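So the sequence lines, in the order shown, correspond to chains A and B.
Counting with the working numbering, you get residues 5 to 241 for the letters of the first sequence.
Counting with the working numbering, you get residues 203 to 456 for the letters of the second sequence.
Hints are not guaranteed to be accurate.
Stated by the list, open to error - Derived DEER-like restraints, expressed as beta-carbon distance ranges:
| no. | chain 1 | residue 1 | chain 2 | residue 2 | range |
| --- | --- | --- | --- | --- | --- |
| 1 | B | 433 | A | 6 | 23 to 33 Å |
| 2 | B | 364 | A | 18 | 28 to 38 Å |
| 3 | B | 371 | A | 75 | 21 to 31 Å |
| 4 | B | 427 | A | 22 | 26 to 36 Å |
| 5 | B | 219 | A | 194 | 46 to 56 Å |
| 6 | B | 371 | A | 42 | 35 to 45 Å |
| 7 | B | 379 | A | 18 | 53 to 63 Å |
| 8 | A | 19 | B | 371 | 39 to 49 Å |
| 9 | A | 225 | B | 455 | 36 to 46 Å |
Think of the hints as simulated: they come from the structure by calculation, not from any bench.
Predicted model, so just to flag it, every value in this text is computed and none were measured.
Ideal Cβ positions, reconstructed from N, Cα and C, are used throughout, including at glycine.
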Amino acid sequence: MTAALEVTGLRKAFGRLPVLRGVDLAVGTGRVTAIVGPNAAGKSTLIKCVLGLVRPDAGRIVVLGQPVGADPGYRHAIGYMPQLPRFPENLTGREVLAFLADLRGGDERAEPLLDAFHLQGALDQPVRTLSGGTRQKLNAVVALRHRPPVLVLDEPTASLDPVASGIRKDRVRRDAGDGTSVLLTSHVMAEVEELADDLVYLVEGTVRFHGTLDELRLRTGERRVERAVARLMRGAA
Amino acid sequence: MLAFELRNQLRSRWILGYGLLFALLTDALLRFGGGGPRVVVSLLNVVLLVVPLVSVVFGTLHVSGAREFLELLLAQPVGRGSLYVGLYLGLGLPLAAAVTLGITVPVLLHGGAGTPGLGVLLAAGALLTFVFTSLAFLAGVRFDDRAKGLGAALLAWFAATVLYDGLVLLVATLLADYPLEAPMLGLTLLNPVDLARVLLLLQVDAAALMGYTGAVFERFFGSSLGVLSATGALLLWTVVPFLLGLAGFRRKDF
């Protein structure tokens, strides 16, 4: 298994508070890796390190052979979908998309995505008039349309309606089938079970489990991911 | 990046309202306040108080208010430096344009194109906008908490517009027996708002209003060296906070 994204010995402290204490993990090419863990485990800090939003104190992150550091070029490979999208209120969806496309350059496939999410009708309204779910769809289009080889999704189906959530999940599975590597966080274990190949369990800034879902089931003796993770949380496994 | 920010800001009702405020005020002053230099001086007082305040408030909210979108932008393949420059000009230029147009349009409508001091007034408005946008961005970068950033920025505004005058007056009264010309000159150079005021008052020949230091100011700021150093000081007030903010922005964890 070749790794599309590799994290080694990642450490980060905010002031005196250590958040990541030496995290190692790898996301295989074409695999979906879910990071789960209790609140304040360091999930979002880890993701922010990968995106270059937070500068680690120590450790290395490599995305498709490019080190994460001062050169922002590696981010061409990453599509990021934040949990709570906020777009400039005075612009229309179309303008936001045009602007972000301008920032990135390169090819895109916005049109089919807009059709798939039934967004065409809402694109010419100012963003401030759009509902939370519609913004979230716009958010998904932003992350996906450049066909990035690596996707980083923060709670990907939060605030989507069941239909859009279904489309979203199908899309993740299909992209993974096409060789896209996905790193996602989620609180919904059913979603993890449905989407992920691998699971990383993070507690207090350390990786307590990193393996396939089958390995997790084997190790905990639970068939359902939700119960298996609960068992990990209780420290029984 | 810049073009986009400009479009977003120009569509903001606040910026429009800000420009309109100046237009209405200028128009009213021209109608009721007589013409020429007197209107310029009245406008100056408004510009000195309002421009820094508005720049400071908009600037801080611009950096810390759009945090989530900023994070999305930072996750794109763009350097932090160019993002910061884009954000800064994207706010500073429309704000400066609102002041400039808000004053210029009514003046032209009233046929006052050649009013003495108008050019300096407009330059002061634009420069003060950039000075206080720089300071506000610095505060926004330094403080993660929106309220703290706004508080720090407002404090800077209050210090420059209100407190500073009081302090200068206090120094002047306490040390009235000493020759204060040179120190007073120095104190003025240290405050961007005072700088803008002195520059303009000299242009409209109101230096006598400034009492006994007026003569000293006139000798210094009336010379080309004086104008140059005053403009230089205002530019420093823009560039130094901007660079400090930029350095902080590059190092910041979001």
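*Please flag the earlier hints that this structure goes against, numbers listed from lowest up.*
1, 3, 4, 6
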